[in-house]
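**Student:** Spelled out from the first residue to the last, the chains are:
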Amino acid sequence: MTDPRLEALLLRAEIEAFNADYCARLDRQDLNAWVQCFTEDAFYVVISRENFERGQPVGLIYCEGRPMIQDRAFALLNTAMFGPRYLRHMVSNLSVAAQPDGSVQARANFVVFEVLTDRPDARLLQVGEYRDVFVRDGEALKLRERRCVYDNLLIPTALCIPV
Amino acid sequence: MDISPEHPRNAGRLLWPGDDLTRIPDWVYTDQEVYEREVERIFHGRTWNYVALEAELPNAGDFIRSNVGPTPVVVSRAKDGAVHVFENRCTHRAAEFCRELTGNVKEFVCPYHQWTYDLKGRLQGVPFRRGVAGAGGMPKEFTTADHSPRQLAVTTHRGVVFASYAPDMEPLADYLGPEVMREFEATFDGRALVILGHYRHSLPGNWKLYHENLKDPYHATLLHTFLVTFGLLVAGNKSLMLADASGRHGVMCSAKSDVSKVTAEAKGEMRAFKEGMKLADARMMAFIDEFDSPWSVTMATIWPNLIVQREMNTLGIRQLVPTGPNEFIMKWTMFGFEGDSEEMTRHRLRQGNLMGPAGFLGLEDNEAIKFVQDGMLRVPGGEHLVALDPATPFGTSETLISESAIRGMYRHWREVMGL
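Line by line, the protein sequences are chains S and B. First residue of the first sequence: 18, per the working numbering; consecutive thereafter. First residue of the second sequence: 18, per the working numbering; consecutive thereafter.
Heads up, a few of these hints could be off.
Ranges between beta-carbon positions, derived for each pair [claimed, not checked]: (1) B:98 x S:29: 52 to 62 Å; (2) S:100 x B:355: 32 to 42 Å; (3) S:30 x B:355: 40 to 50 Å; (4) S:170 x B:394: 18 to 28 Å; (5) S:71 x B:297: 26 to 36 Å; (6) S:71 x B:167: 48 to 58 Å; (7) B:75 x S:26: 44 to 54 Å; (8) S:23 x B:129: 47 to 57 Å; (9) B:208 x S:20: 58 to 68 Å; (10) S:170 x B:208: 24 to 34 Å.
Only some residues are given here: those of chain B computed to face chain S with a beta carbon under 7 Å [unchecked claim]: (11) 213; (12) 214; (13) 242; (14) 351; (15) 354; (16) 370; (17) 375; (18) 381; (19) 384.
Hints listed in this document are in silico derivations from the structure and should not be mistaken for laboratory results. Fair warning: this is a prediction, and the values are worked out from it, not measured in the lab. Yeah, the Cβ is synthetic: ideal placement off N, Cα and C, and Gly gets one too.
Next comes chain S alone, as it looks inside the complex:
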């Protein structure tokens, strides 16, 4: 029998690797690759802490299912008009709780820096917490739920790339 501590460490490492890869896809703005982080029935929302704590459902981005996530990616890549920018997503303080049904609940803090190409500063676009449910799709972990709960209620101008 394997040591449960070892299993927990492996799972934790796997989710850390997932999150690093997820961030890399967003940072290089490869949104089609980002879509592949989710299960077909995934729920993805970017929601203010204000709404989340009051039980109000409105999200900046609100996707029921991977097709809606795909539409988001398509629109941002092909139709949306916004100024050029670079982003860096940082994730830390991961906590992981394996569930009896095989899914994994996880939380982590995130920070997103945004640099507009005509400004010297990297501004803090978002700071918040991922509240996730992962499931296995074959060997790989995928997100069945990702709620990006952000603390800085006042968005500077626009949120163009997902969180």
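Let chain S serve as the given structure and place chain B on it in line with the hints.
**Tutor:** Structure of chain B alone, referenced to chain S:
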């Protein structure tokens, strides 16, 4: 401060170019003194300013922090059920005493020296008013009744709360005029509102650009792929750019059309039109006809600080809070109605992807407004050209390729501002 163009210091600086409204000078959008006059004459003047939805304050003691222009106010429901609006500024040392976004209280207590205010914003208690052991304390003639924060006039209609610094404002119906009121009541149709949540964002642009963007149907047919490709607002649609008699309010109205009927000529003019674009999940753009209105989309700009969004089934209030000539804050309150099924609520939420600072339309508008302010700040001293549709000098237009509603707004603005 005298900013009239006649004043020697301002000679040539704040002069309106030409004798019509087709050119708007940059100083309208960038000048600090012009901004300060706007606060005094418009936001603190004879206007009804949106401050809250009644659904946010269902019970006695409920309050929210809000703004009239840049000025922070408290909106609270007193024990008698009436809604009160008063400045969020302690009359002792000016502290903005109400700090929570929302809540329920019995009274407001300034955290600095514990002066207390009741739910109507009246000063109730001053600690050590008589001093201690006969020494110290407030002057004998001090009365609490003379030291309450400034109270604003309040009116409500169909669950929407407005406030005014003018104590003798005309009724809201007269302020809006019958045509704008009809559109207002088409959206606020009597069903009780359910708050679905908020968006908040800052925007590095002048606050009037937001009004202009929604009095500018020309941009809507060009900038927004989602509007044109899915037939929400296309050149040639049945549409109306309504302005009230004063020119300050407006409603952009459009009836969703079958895009297959858009002419090749119109498609050719619209770079944003994506022939054959299909969504993987078409539910987002579905329209459930729930309103007694010929329009599937209406955007009402209610002077000076309110936008009412009825974009098919995604409904929202946008409250504009100017923070200077070059920046404002926008607070969005998205809502549905009591009696909405769970699926209808989710439909509204899915369709909400169009709007807000991450919305397919919303982020484009925010970026465009930023670009306009950038242009003025970096190449200063110029003017804007708003000359489309000369057949309509100002006011309501039935073609989307028009800027007459913007000109109508400036006709009003110049009169109020004396500029």
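**Student:** Now tell me, hint by hint, if it's right for this structure.
**Tutor:** Cross-check of the supplied hints:
Distance hint check for residue 98 of chain B and residue 29 of chain S: the Cβ-Cβ separation is about 54 Å, which falls inside the suggested range of 52 to 62 Å. Distance hint for residue 100 of chain S and residue 355 of chain B: a CB-CB separation of about 41 Å, consistent with the stated range 32 to 42 Å. With their beta carbons about 49 Å apart, residue 30 of chain S and residue 355 of chain B fall inside the hinted range of 40 to 50 Å. Look at residue 170 of chain S against residue 394 of chain B: about 26 Å separates their beta carbons, and that is inside 18 to 28 Å.
Against the hinted window of 26 to 36 Å, the Cβ-Cβ separation of residue 71 of chain S and residue 297 of chain B comes to about 31 Å, which satisfies the hint. In this structure, residue 71 of chain S and residue 167 of chain B break the distance hint of 48 to 58 Å, their C-beta atoms being roughly 30 Å apart. Between residue 75 of chain B and residue 26 of chain S the Cβ separation comes to about 49 Å, which falls inside the hinted range of 44 to 54 Å. Between residue 23 of chain S and residue 129 of chain B, the C-beta spacing of about 56 Å keeps the proposed range 47 to 57 Å intact.
Between residue 208 of chain B and residue 20 of chain S the beta carbon distance is about 59 Å. The supplied range of 58 to 68 Å therefore holds. Under the hint 24 to 34 Å, the C-beta atoms of residue 170 of chain S and residue 208 of chain B, about 28 Å apart, fit the expected range. For the restraint placing residue 213 of chain B at the interface with chain S, the shortest Cβ-Cβ distance is roughly 5 Å, inside the 7 Å limit, so the hint holds. Using the Cβ-Cβ criterion of 7 Å, the hint placing residue 214 of chain B at the interface with chain S is satisfied: the shortest such distance is roughly 3 Å.
Using the Cβ-Cβ criterion of 7 Å, the hint placing residue 242 of chain B at the interface with chain S is satisfied: the shortest such distance is roughly 4 Å. Hint status for residue 351 of chain B: holds, given a least beta-carbon distance of 5 Å to chain S, under 7 Å. The interface hint given for residue 354 of chain B is violated, since its Cβ lies 15 Å from the closest Cβ of chain S, which is over the 7 Å cut-off. A least Cβ separation of about 6 Å between residue 370 of chain B and chain S falls short of the 7 Å threshold, and the interface hint therefore holds.
At a threshold of 7 Å, the smallest CB-CB gap from residue 375 of chain B to chain S is about 4 Å, leaving the interface hint in force. Annotation: interface hint on residue 381 of chain B holds; nearest CB of chain S at approximately 5 Å, less than 7 Å. The criterion of a C-beta within 7 Å of any C-beta in chain S is met by residue 384 of chain B, whose closest approach is roughly 5 Å, and the hint holds.
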